[in-house]
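**Student:** Just so you know, the sequences run in chain order A and B. Just so you know, we're using the working numbering here: the first sequence kicks off at 1 and counts up by one. Just so you know, we're using the working numbering here: the second sequence kicks off at 1 and counts up by one.
Read the hints as simulated data drawn from the structure, not as lab findings. Certain hints may be false.
Unchecked claim - Cross-link-like lysine-lysine pairs, in silico, DSS-like; alpha carbons within 27 Å at most:
id	chain 1	residue 1	chain 2	residue 2
1	B	Lys272	A	Lys422
2	B	Lys78	A	Lys460
3	B	Lys78	A	Lys422
4	B	Lys72	A	Lys422
5	A	Lys496	A	Lys575
6	A	Lys422	B	Lys88
7	B	Lys255	A	Lys329
8	A	Lys575	A	Lys485
9	B	Lys193	A	Lys329
10	B	Lys109	A	Lys329
11	B	Lys255	A	Lys336
12	A	Lys336	B	Lys272
What the hints assert, rightly or not - Using C-beta positions, here's what the derived DEER-type ranges look like:
id	chain 1	residue 1	chain 2	residue 2	range
13	A	Asn360	B	Phe220	29 to 35 Å
14	B	Asp262	A	Thr382	51 to 57 Å
15	A	Ala462	B	Val211	47 to 53 Å
16	A	Gln554	B	Pro188	24 to 30 Å
17	B	Ala68	A	Val449	43 to 49 Å
18	B	Ala131	A	Thr330	23 to 29 Å
19	B	Asp262	A	Asp300	33 to 39 Å
20	A	Val449	B	Pro188	17 to 23 Å
The beta-carbon is built from N, C-alpha and C at its ideal position, and this holds for glycine as well.
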Amino acid sequence: MRLTLKTLAMLLAALLPGAAWAASFTASLDRDALTLGESATLSLAFEGGSPGRVPAPSVPGLQIAQAGTSQNMSWINGAMSATVTVSFSVTPQRAGEFTIPALTADVGGQQLSTAPLKLIVSRASAPSAAAVNSGSEVAFLKLNFPKQKVYAGEAIVARLELYLRDDVQNFGNFQITSSPTDGFSAGKTAELQNQRRRVQVGNRVYTEIPLAVPLTAVKTGALALGPFTASAVVVLPSQNQNDPFAAFRGEQKQVTLATETLNIESLPLPEQNRPANFTGAVGQFDFAASAGPTAVTVGDPITVRVQVSGRGALDAITLPVQDAWQNFKTYPPTTKLETTDQFGFQGTKTFEQIISPLNNDVHELPALTFSFFNPEDARYHTLTQPAVPLTVKAAGATVLPQMAASKTTNEEKPAQDILPIKENLGTLAPATEPLVTRPLFLVTQTVPVLAFLAAFVWRKRADNLANNPRLRRQRAVAALLASGKDDLKKYAAENKPDEFFATLFRLLQEQLGERLNCPASAITEDVVDGHALLRNAPATLRTALHEQFQLCNQARYAPVRGSSELDSVAAQFEKLISQLREVRA
Amino acid sequence: MMANLMAGGEQRRRAAALQDAGAFVVAPFVREASWTAPALWRFCLALGLSLFVFTQTGFAADASADFAAANKLYAEGKFAEAATAYEKIIATGTQSPALLFNAGNAECKAGHLGQAIAAYRQAELLAPRDAELRANLAFVRNQVQGATLRESRWQNWVGSLTLNEGALLTAAFFWAMFALLAARQIRPALAPKLQSATRLAVVLTILSGAVLALQAANHFDSSVAVVTSAETTARSGPFDEAQSVFSARDGAELKVLDRHDDWVQVANNAGKIGWLSRKQVAVLPGA
Chain A
1 MRLTLKTLAM
11 LLAALLPGAA
21 WAASFTASLD
31 RDALTLGESA
41 TLSLAFEGGS
51 PGRVPAPSVP
61 GLQIAQAGTS
71 QNMSWINGAM
81 SATVTVSFSV
91 TPQRAGEFTI
101 PALTADVGGQ
111 QLSTAPLKLI
121 VSRASAPSAA
131 AVNSGSEVAF
141 LKLNFPKQKV
151 YAGEAIVARL
161 ELYLRDDVQN
171 FGNFQITSSP
181 TDGFSAGKTA
191 ELQNQRRRVQ
201 VGNRVYTEIP
211 LAVPLTAVKT
221 GALALGPFTA
231 SAVVVLPSQN
241 QNDPFAAFRG
251 EQKQVTLATE
261 TLNIESLPLP
271 EQNRPANFTG
281 AVGQFDFAAS
291 AGPTAVTVGD
301 PITVRVQVSG
311 RGALDAITLP
321 VQDAWQNFKT
331 YPPTTKLETT
341 DQFGFQGTKT
351 FEQIISPLNN
361 DVHELPALTF
371 SFFNPEDARY
381 HTLTQPAVPL
391 TVKAAGATVL
401 PQMAASKTTN
411 EEKPAQDILP
421 IKENLGTLAP
431 ATEPLVTRPL
441 FLVTQTVPVL
451 AFLAAFVWRK
461 RADNLANNPR
471 LRRQRAVAAL
481 LASGKDDLKK
491 YAAENKPDEF
501 FATLFRLLQE
511 QLGERLNCPA
521 SAITEDVVDG
531 HALLRNAPAT
541 LRTALHEQFQ
551 LCNQARYAPV
561 RGSSELDSVA
571 AQFEKLISQL
581 REVRA
Chain B
1 MMANLMAGGE
11 QRRRAAALQD
21 AGAFVVAPFV
31 REASWTAPAL
41 WRFCLALGLS
51 LFVFTQTGFA
61 ADASADFAAA
71 NKLYAEGKFA
81 EAATAYEKII
91 ATGTQSPALL
101 FNAGNAECKA
111 GHLGQAIAAY
121 RQAELLAPRD
131 AELRANLAFV
141 RNQVQGATLR
151 ESRWQNWVGS
161 LTLNEGALLT
171 AAFFWAMFAL
181 LAARQIRPAL
191 APKLQSATRL
201 AVVLTILSGA
211 VLALQAANHF
221 DSSVAVVTSA
231 ETTARSGPFD
241 EAQSVFSARD
251 GAELKVLDRH
261 DDWVQVANNA
271 GKIGWLSRKQ
281 VAVLPGA
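Given only the sequences and the hints, what does the whole structure look like? Please build it.
**Tutor:** Below is the structure:
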């Protein structure tokens, strides 16, 4: 920035070489008295030359920051003059009298100094009632506390009211610069919605803008609240009659506001009649509790839900220790806070605590109690929820020997230690995968399914055979032929032609009877040409059949033949049988 | 030939005497003729069986001695040493309910609640109806600080049978059902007499199958992480720099939702979900 200013000054010097002879350097404050929280503007004006270096003022207790630079050129009686003005914002850090020392700068080759400036900073104070009533105050701040006496732990909402005179066109940059609340725990200050209103104060009408300051007394004794200070920028109608746009633009004014200091007495909570289970809840509360499940086994969890609802410092409420829960194992409760107002003073705090019965002699969840102090009537109140009946079963067959042994002495005592180790290792087994993941086990389960399917198929085939006499005969003939062929070979080997041809003839009758669907005894050589099925059969087959029949007939009269000839006949018979089976109706 | 036969008989008698004495040796096969396939098969079978019996018997003897030594350490009040001794036996790949029970006791006495619960839970997988085991598990769970996962009623119910017991029971009903169905096919005359038994078998098969399905789902899909360090912090992601979500104390049982490298995603009984390093938990199958 300094470089920029220096460059600018050099540029001006270059443009205005003739202005060097009229150089001057002045410092000025736009106001010489401030209240803490307000700011003043320090202007350093360089006329007739450019500053070699703009001095930076530094005063302990004042925060001085460069705010900007402006330049002005004018011709008066043919002579031109140029002015460069560097502005600083001066914000006091404390009250007191400050002096901005003389500043020296090199302007157009001349060493020039300014005169020292005085600035008086006073603390903000609340305007007097007379000033307020006279309407001379553009804005003022007021702090209302509903009580003169509070109890430690009591939650109260203080009201901070900002009043703006009716001619204030607008306001902005409202900031609370100081909010001393020693002895109180303060929440977030927020405007009370939809509660702005116009009120008559003395001779003027003001707009009241209420803000809420949630406070909880944390100390006892005399407490001082305030003064709260704030600053804001208000827009007032312009007093400049020559400005045609004044009506639109207005005139901005920074105001510093302060409240009175309120003295509050914070009382300790009375010791008298303080309930034993009082844990510091101050306010007006209701209390509800529920528990479930109510039918459990020893060691099972029961969820106890406690709801404290009402108005007060809900954050500080804790679930009181229930002395009657000695037969339960308790776990730290979980909490949930649901507020219904913007300050967190109204709502419901829910505690969920898991407890588990230590033995099955527990028959109820004892009555729950909650105590609080109500500052309105200055009394302690204890709320009680009735006992909840419980059904507690023993943990299955899990009976601890210690517990069993202690039954004669003190049945209600839970186990004090674990049961001793086992002396017998038992059956060692490799740590294997469960059966259901082993392929062999799964494949084995297909065995009964396959057995059933096999039985099912077998049953179907048996039923089919029982209902089909033709098929039955077909199978019987096939079995007969199978054994008959063996007989033929045997007779051939033993050279018994009579038995051989008798068997051959019988087998021929059976096979033809089965094929022609007529009794075997009715089969003679005549059927070869007489039956329709065989008439349509190949001629070679019929010829072979004739030959077989004739051989059987001749055997009754012809001399005994040799084994080789009988073997040959048996082979022809087998071939004939296979041809016959291929004949289709 | 006769001499060979006599020699073979003598060897068999010696082997029988040795076996009676408790030693397991390979049954001697006298090569009276050339090796045939059945003889070779019998030899291999005998060799395999003998080796199996020998190794198992020898190992069981070792494990029993180690178990007794660990029990002695426990009795002397050297619980941490006893726990290490039990762990050594378990590390060999074999286990028994008593071994895991004693390991749980030693861990409990050594102040390692998480390790104790892990051992008891593993023992419970093998012997879910062991009253002493359940008593000790309940006792240790009561010592755990902070909220911990509790099994639901149906999990307790199906957990009263081991998964293998459930599988075998279901298989038995399954086989019985198909045996009855097959008998009805083979002997239709028996069908009226077998009707009630068949229906009962079908119902029991379906019920036991449903229970087995629940058991399997619980076993494979409801893994539990038991915190084994004094206090651990569950993080929002599977890395050390992730923000903490909740903390759990030694012995807290948490439901396993997911796994990623050396991290497991768990949920506590309040429904909060976070990631824990596997070094801080023992991950176990559901009951």
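**Student:** Indicate, hint by hint, whether the structure satisfies it.
**Tutor:** Now the hints, each set against the structure:
1. B:Lys272 to A:Lys422: violated (39 Å)
2. B:Lys78 to A:Lys460: violated (72 Å)
3. B:Lys78 to A:Lys422: This hinted pair holds, its Cα atoms lying about 16 Å apart.
4. B:Lys72 to A:Lys422: Satisfied, since the Cα-Cα distance of roughly 11 Å is no more than 27 Å.
5. A:Lys496 to A:Lys575: Satisfied, since the Cα-Cα distance of roughly 21 Å is no more than 27 Å.
6. A:Lys422 to B:Lys88: With Cα atoms ~17 Å apart, lysine 422 of chain A and lysine 88 of chain B stay inside 27 Å; holds.
7. B:Lys255 to A:Lys329: Roughly 22 Å between the alpha carbons, so the hint for lysine 255 of chain B and lysine 329 of chain A holds.
8. A:Lys575 to A:Lys485: holds (12 Å)
9. B:Lys193 to A:Lys329: Judged against 27 Å, a Cα distance of about 57 Å means the pair is violated.
10. B:Lys109 to A:Lys329: holds (21 Å)
11. B:Lys255 to A:Lys336: holds (24 Å)
12. A:Lys336 to B:Lys272: Holds, at about 15 Å.
13. A:Asn360 to B:Phe220: 29 to 35 Å: holds (34 Å)
14. B:Asp262 to A:Thr382: 51 to 57 Å: holds (53 Å)
15. A:Ala462 to B:Val211: 47 to 53 Å: violated (38 Å)
16. A:Gln554 to B:Pro188: 24 to 30 Å: With Cβ atoms ~52 Å apart, the hint is violated.
17. B:Ala68 to A:Val449: 43 to 49 Å: Roughly 48 Å apart at Cβ, these two residues keep to the hinted range, so it holds.
18. B:Ala131 to A:Thr330: 23 to 29 Å: At 26 Å between Cβs, range holds.
19. B:Asp262 to A:Asp300: 33 to 39 Å: holds (34 Å)
20. A:Val449 to B:Pro188: 17 to 23 Å: Given range 17 to 23 Å: holds, Cβ gap about 20 Å.
In terms of the numbered hints stated before, the structure departs from hints 1, 2, 9, 15, 16, listed from lowest to highest.
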